[in-house]
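Construct all of the structure, not just a fragment, from the sequences and the given hints.
These protein sequences, in sequence, are chains A and B. The numbers in the UniProt record's numbering rise by one with no breaks, and the one at position 302 of the first sequence is 302. The numbers in the UniProt record's numbering rise by one with no breaks, and the one at position 176 of the second sequence is 176.
By construction, these hints were calculated from the structure, which means they are not laboratory data. Treat the hints with care, since some could be wrong.
Since the list gives no way to pick one copy over another, a pair counts as held whenever it fits inside one copy or between any two copies.
[To be verified] Mimicking DSS-like on lysine-lysine, the simulated pairs with C-alpha atoms at most 25 Å apart in a straight line are:
1. K380 - K116
2. K372 - K223
3. K358 - K383
Number of protein chains: 2
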Amino acid sequence: MAPTDSTKIVDSQENNEGEMPEEVPIGNKNFNAGGPMPFGKDMIDAAMGLQDLFNGFQNSQIVHTAVVLKINDIIGDGELAAWEVADRLECSVKYKHRDELVSNVSRLLNACVSLKVLKKTNASTYKNTVSGHLLKDNKLPFNDLFHFMPVLYRAFGRLAYNFSRGESNDSIFDDKGMLKLVEVKEVNNQETITRKFGTVMSKMTSMDAKAILQNPRVQNLLKNIDVCCDIGGGNGTLAKCLAKKYPSTKFVVFDKSFPINCTTKSDQPSTNLKFQSGDFFDKSTIPEAAIYILSHVLVDFGDQMGRKLLSNLHGCLKEGQSVLILEKILRDDKSGPTDVVLYDMGMMALHKGRERTKSEYFDMIYQAGFSKCEYISMGKSSKRDIILATK
Amino acid sequence: MAPTDSTKIVDSQENNEGEMPEEVPIGNKNFNAGGPMPFGKDMIDAAMGLQDLFNGFQNSQIVHTAVVLKINDIIGDGELAAWEVADRLECSVKYKHRDELVSNVSRLLNACVSLKVLKKTNASTYKNTVSGHLLKDNKLPFNDLFHFMPVLYRAFGRLAYNFSRGESNDSIFDDKGMLKLVEVKEVNNQETITRKFGTVMSKMTSMDAKAILQNPRVQNLLKNIDVCCDIGGGNGTLAKCLAKKYPSTKFVVFDKSFPINCTTKSDQPSTNLKFQSGDFFDKSTIPEAAIYILSHVLVDFGDQMGRKLLSNLHGCLKEGQSVLILEKILRDDKSGPTDVVLYDMGMMALHKGRERTKSEYFDMIYQAGFSKCEYISMGKSSKRDIILATK
Numbered sequence: 001m002a003p004t005d006s007t008k009i010v011d012s013q014e015n016n017e018g019e020m021p022e023e024v025p026i027g028n029k030n031f032n033a034g035g036p037m038p039f040g041k042d043m044i045d046a047a048m049g050l051q052d053l054f055n056g057f058q059n060s061q062i063v064h065t066a067v068v069l070k071i072n073d074i075i076g077d078g079e080l081a082a083w084e085v086a087d088r089l090e091c092s093v094k095y096k097h098r099d100e101l102v103s104n105v106s107r108l109l110n111a112c113v114s115l116k117v118l119k120k121t122n123a124s125t126y127k128n129t130v131s132g133h134l135l136k137d138n139k140l141p142f143n144d145l146f147h148f149m150p151v152l153y154r155a156f157g158r159l160a161y162n163f164s165r166g167e168s169n170d171s172i173f174d175d176k177g178m179l180k181l182v183e184v185k186e187v188n189n190q191e192t193i194t195r196k197f198g199t200v201m202s203k204m205t206s207m208d209a210k211a212i213l214q215n216p217r218v219q220n221l222l223k224n225i226d227v228c229c230d231i232g233g234g235n236g237t238l239a240k241c242l243a244k245k246y247p248s249t250k251f252v253v254f255d256k257s258f259p260i261n262c263t264t265k266s267d268q269p270s271t272n273l274k275f276q277s278g279d280f281f282d283k284s285t286i287p288e289a290a291i292y293i294l295s296h297v298l299v300d301f302g303d304q305m306g307r308k309l310l311s312n313l314h315g316c317l318k319e320g321q322s323v324l325i326l327e328k329i330l331r332d333d334k335s336g337p338t339d340v341v342l343y344d345m346g347m348m349a350l351h352k353g354r355e356r357t358k359s360e361y362f363d364m365i366y367q368a369g370f371s372k373c374e375y376i377s378m379g380k381s382s383k384r385d386i387i388l389a390t391k
Numbered sequence: 001m002a003p004t005d006s007t008k009i010v011d012s013q014e015n016n017e018g019e020m021p022e023e024v025p026i027g028n029k030n031f032n033a034g035g036p037m038p039f040g041k042d043m044i045d046a047a048m049g050l051q052d053l054f055n056g057f058q059n060s061q062i063v064h065t066a067v068v069l070k071i072n073d074i075i076g077d078g079e080l081a082a083w084e085v086a087d088r089l090e091c092s093v094k095y096k097h098r099d100e101l102v103s104n105v106s107r108l109l110n111a112c113v114s115l116k117v118l119k120k121t122n123a124s125t126y127k128n129t130v131s132g133h134l135l136k137d138n139k140l141p142f143n144d145l146f147h148f149m150p151v152l153y154r155a156f157g158r159l160a161y162n163f164s165r166g167e168s169n170d171s172i173f174d175d176k177g178m179l180k181l182v183e184v185k186e187v188n189n190q191e192t193i194t195r196k197f198g199t200v201m202s203k204m205t206s207m208d209a210k211a212i213l214q215n216p217r218v219q220n221l222l223k224n225i226d227v228c229c230d231i232g233g234g235n236g237t238l239a240k241c242l243a244k245k246y247p248s249t250k251f252v253v254f255d256k257s258f259p260i261n262c263t264t265k266s267d268q269p270s271t272n273l274k275f276q277s278g279d280f281f282d283k284s285t286i287p288e289a290a291i292y293i294l295s296h297v298l299v300d301f302g303d304q305m306g307r308k309l310l311s312n313l314h315g316c317l318k319e320g321q322s323v324l325i326l327e328k329i330l331r332d333d334k335s336g337p338t339d340v341v342l343y344d345m346g347m348m349a350l351h352k353g354r355e356r357t358k359s360e361y362f363d364m365i366y367q368a369g370f371s372k373c374e375y376i377s378m379g380k381s382s383k384r385d386i387i388l389a390t391k
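Rendered as structure tokens:
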């Protein structure tokens with residue numbers, strides 16, 4: 001007997017009453033699922049919102065996988081079928097059965113389409129979307145961000161545990177400037193990860209540096225300065241931009257040893273830029289300067305350590321001189337902007353660092369002895385706002 | 001000298017030109033970031049979309065943490081300040097310094113506000129949103145889903161690695177019916193996790209069961225049947241609903257040993273329901289029945305194993321009798337619905353199981369010897385559609 005395909009497609013979406021178990025207590029009411037449409041649009045929206053929150057880690061890992069496999073770079077500006085992508089994958093040699101490889105690639109590409117980092121043509125080939133192009137290995141931070149993701153992914157996996165045990169680490173860096181992260185060895189070796197972290201931070205800084213340097217208040221502050229010291233300046237991304245713009249000022253990048261050693265040959269310091277290692281919690285090792293920069297540094301420390309660092313810098317400055325603090329600030333109600341809140345949770349999972357509101361920064365600055373604070377917002381899409389602390 | 005607070009708030013969001021590094025290749029063009037507004041709205045949208053995808057795992061873990069700490073249950077129908085929530089937390093005893101506890105709780109609650117699972121009142125107290133109420137420990141699956149999350153979170157953390165090594169496991173269950181999951185011991189013990197998994201699946205099933213049982217085609221199929229066997233029926237959630245509705249039919253839940261033993265006392269089988277353990281890949285152990293149910297079972301296996309299982313059932317049935325398959329199907333273009341695509345990726349991270357389109361299910365069914373296929377969509381919000389395979 002030949003198969004007969006008597007497909008029936010009946011959309012019973014209208015029938016909502018069977019979708020929830022009976023008597024679910026919501027708020028003060030007991031809804032009975034047997035009644036007529038007890039679940040309003042707001043509850044269905046809320047349920048879908050929770051599903052999105054649950055899907056979050058899955059979405060992140062799908063993009064991470066695409067980035068690790070270089071899917072967006074392989075497709076580039078062209079369009080490729082799943083089997084063509086499969087043949088270009090480095091890991092293709094690991095598969096014993098080609099049909100299994102092509103099947104897996106096809107599933108991954110379709111998942112990328114659902115997340116809009118790829119689009120599918122009518123000919124079942126795949127092209128990069130705008131997001132897909134941004135994900136390619138280029139000067140933007142997205143590729144590095146998703147490459148680096150496993151470290152943060154694991155750290156966030158400890159959020160509930162770390163919260164419950166009531167303890168946290170003082171810093172994410174050890175004494176040699178290496179990233180101290182939970183189980184980091186399994187993900188990759190510590191030096192590679194620390195380097196990657198430097199690259200991500202560096203690209204992030206590049207994205208913000210230009211706007212910051214064009215700010216009139218910052219320009220006014222930096223002109224006619226002898227020495228400017230970037231405290232915790234890592235591989236010197238910001239200092240290099242500054243050194244180029246202000247050739248008659250000397251710039252010192254002051255940090256723990258490793259981030260400095262990790263600068264590559266193309267990053268050689270220019271004549272008015274030098275790297276110096278030391279501990280910024282030990283006042284005696286801090287280089288003399290007429291202005292200090294703290295870019296994304298205070299956020300990595302608790303209030304006590306932050307105050308100590310600011311006090312040290314206060315002690316090094318003359319009256320009227322300033323610390324240029326670059327940090328994204330929390331809204332006064334502390335529940336936004338989203339990126340800042342998430343970063344704050346990341347730090348809660350990792351160490352004693354924290355995000356702060358404008359007034360929390362101001363309090364810390366005044367307590368360290370400074371007499372004047374200024375705040376300049378750099379806008380929603382910038383990762384850093386400006387706070388000026390003047391002695 | 002008293003501090004003078006000369007705050008300046010200058011929103012320089014308009015100045016977009018400094019936000020991207022120079023010459024970022026996108027598509028076929030090289031954009032020069034020095035030019036006037038080279039980054040259009042679509043690129044800024046794409047960048048924000050990628051940021052959302054990167055934030056995904058962080059959002060998931062924040063909700064997981066809130067659920068583990070029972071935040072939404074503690075707040076209940078009332079409103080509480082951060083310190084009041086802090087005092088009610090089980091883990092409060094672990095904190096040496098109360099101010100650190102209150103500070104951490106406050107940060108977490110604000111993060112929950114940013115994710116809309118809580119809302120903040122003008123008096124700085126916190127209340128449950130509709131999502132917050134759904135997250136409480138109740139008959140809905142959300143609380144269990146987020147409790148159970150670490151297992152899937154870890155599995156997804158292996159997606160890129162598992163993809164690259166070109167190998168996958170045959171099943172997520174071992175021979176004793178225990179969940180075989182990467183590093184599962186660290187998260188929780190295997191039995192607890194397997195039980196939790198059963199609870200999640202059971203609540204999911206409850207949400208769908210009523211609508212499925214009200215479907216006329218299903219009702220027509222189940223009336224006047226002697227014996228119905230639910231293959232891989234776990235703790236019997238679906239079979240219990242059926243046994244109640246069809247008291248003159250005998251129902252057998254057939255599965256590996258553990259999920260059956262895990263039924264609690266309140267789940268005692270009724271007179272027309274029994275549990276039987278065995279291996280559904282061994283035809284000789286499958287109970288005789290006039291109809292078999294495969295609810296969320298085929299999805300856990302590759303095509304070869306799926307065909308074998310269907311062939312076994314085909315061999316047990318008489319002509320005209322059917323297998324009732326309950327699975328959510330992939331769209332024909334395979335890049336949606338989102339939940340199904342994500343589930344497919346989860347299985348790729350875990351084992352050989354996979355989601356399928358309607359025609360892929362039909363192919364598998366015909367290849368197993370069945371002569372007729374029917375498909376009935378149960379709508380967007382149901383986790384299961386209906387496929388009927390008739391001998």
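Which numbered hints are broken by the structure, listed smallest first? none
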